[in-house]
Amino acid sequence: MAEFIGKVVESDYGKEVKITLKDKKILAALTMNVRLSPSEIGRIVGLSKDAVRYRINQLEKRGVIRGSVVILNPSKVGYYLHTLLLKFENLSEKKENKIIDFLASHPFGVWFGKCSGQWDFVFQFIAKDIKHFDKVIQKIKLVCGENLKDYENLTVFNLIKYVDLQDDFCKNLDLKFKFEKKDTSFAKEIKKGIIDFDYDNQIKLDLNDARILKALSENASASISDISKKTRIPRDTIVNRIRKMINNNLIIAFNPVINITYLKYHLYIILFHLVNSTKEKEFLNYLSAHPFVAYGGKTTGKYEAQIFLAVKNPMHMHEIMTDFRRKFSDTIGSYESLLVIKDYKYTFLPKGVFSLFYKPSPLSGV
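FYI, the numbering for the sequence shown is 108 to 473, going by my numbering.
Keep in mind that the hints were calculated from the coordinates and are not lab data.
Computed from a predicted model, the values in this text were never measured in an experiment.
A few of these clues could be false.
Listed below are the simulated SDA-like cross-link pairs for lysine to any residue, each with C-alpha atoms no more than 25 Å apart in a straight line [what the hints assert, rightly or not]: (1) 235 - 306; (2) 419 - 395; (3) 248 - 196; (4) 256 - 225; (5) 336 - 461; (6) 201 - 449; (7) 409 - 265; (8) 299 - 248; (9) 125 - 371; (10) 131 - 170; (11) 419 - 208; (12) 242 - 410; (13) 125 - 167; (14) 371 - 126; (15) 201 - 258; (16) 409 - 393; (17) 298 - 149; (18) 248 - 208; (19) 452 - 418; (20) 371 - 454; (21) 388 - 449; (22) 129 - 165; (23) 449 - 163; (24) 449 - 203; (25) 434 - 422; (26) 419 - 461; (27) 452 - 259; (28) 351 - 129; (29) 278 - 440; (30) 283 - 160; (31) 201 - 452; (32) 371 - 240; (33) 321 - 240; (34) 278 - 161; (35) 321 - 454; (36) 205 - 253.
Whole structure, please, built from the sequences with the hints as guidance.
Shown next as structure tokens:
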């Protein structure tokens with residue numbers, strides 16, 4: 108089995124990693140926009156740019172910062188986002204490792220995690236259409252074989268939240284974010300909020316757009332100079348094209364990948380069955396504003412909503428879910444909770460997307 112390092116969650120929940128107040132402030136600033144320069148972060152947190160660089164480097168070495176990711180609206184390029192829930196039986200360690208290898212390396216995989224609860228694995232992926240979706244599902248069923256006891260697909264309609272550090276971590280840090288000028292962090296242009304998937308207003312990308320996105324997918328915090336060297340595209344062209352992709356609502360955020368396990372949080376996936384469509388929007392807005400919700404969206408299938416909830420401990424999780432059910436007792440019919448043990452993949456630009464530009468068959472390798 109290939110060695111996969113956890114992204115947002117690592118299985119070692121007990122590891123002690125010392126995080127100072129200055130470290131917390133830096134992580135909060137990066138959560139706002141991972142492309143912020145050390146000078147800008149230093150202005151926000153009260154440190155020199157060299158001190159910021161040193162602390163970020165140390166956070167990376169200690170496994171707190173695990174990379175960066177550009178968050179995209181997949182509907183803008185004609186892709187549908189799916190959440191596949193998988194349940195197994197009589198699964199040997201060897202077979203489990205084979206399945207993990209396959210899903211963690213899947214060319215259209217967005218996020219993949221191992222869970223404890225009703226479902227054993229959660230696999231998010233993008234598909235171009237029904238034919239592509241079916242091809243992905245059939246290949247997964249073939250690899251899983253007779254050990255696959257059950258599966259459920261949820262199609263995602265929007266993103267109500269998409270942060271790597273939930274709002275609770277960032278509160279009470281006395282940070283002021285004010286971006287008055289346009290720069291290469293694009294912080295002034297990025298407007299975070301609920302993103303509805305819109306398939307009626309897709310945009311066309313050319314090969315240069317693909318090269319820029321590929322560079323950002325490998326390092327969302329890469330400087331424009333580094334992207335220019337890698338792609339051989341002029342700096343001004345890169346800046347203008349990224350700005351256009353933001354204005355067209357394709358690029359919606361530049362996030363760090365932060366291992367919340369080392370910050371003493373547990374990650375749960377909550378799957379809601381909703382029974383009151385008239386209050387559904389109010390409920391989703393409540394989830395979007397909740398300080399412990401990191402990611403989520405409206406779905407169709409067995410469940411009508413999903414969230415990733417970062418909590419301090421199981422009792423804290425119980426308190427939050429009790430609060431949800433009391434406030435929306437006429438909306439939540441039932442729910443499933445899954446504890447994420449480890450995640451193996453996290454990208455909104457899986458390599459299969461780029462086959463659209465570089466290979467004859469964009470759906471090869473699914």
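### Task
Taking the numbered hints from earlier one at a time, note which ones the structure violates and give those numbers from smallest to largest.
Violated: hints 8, 11, 21, 26, 28, 29, 32.
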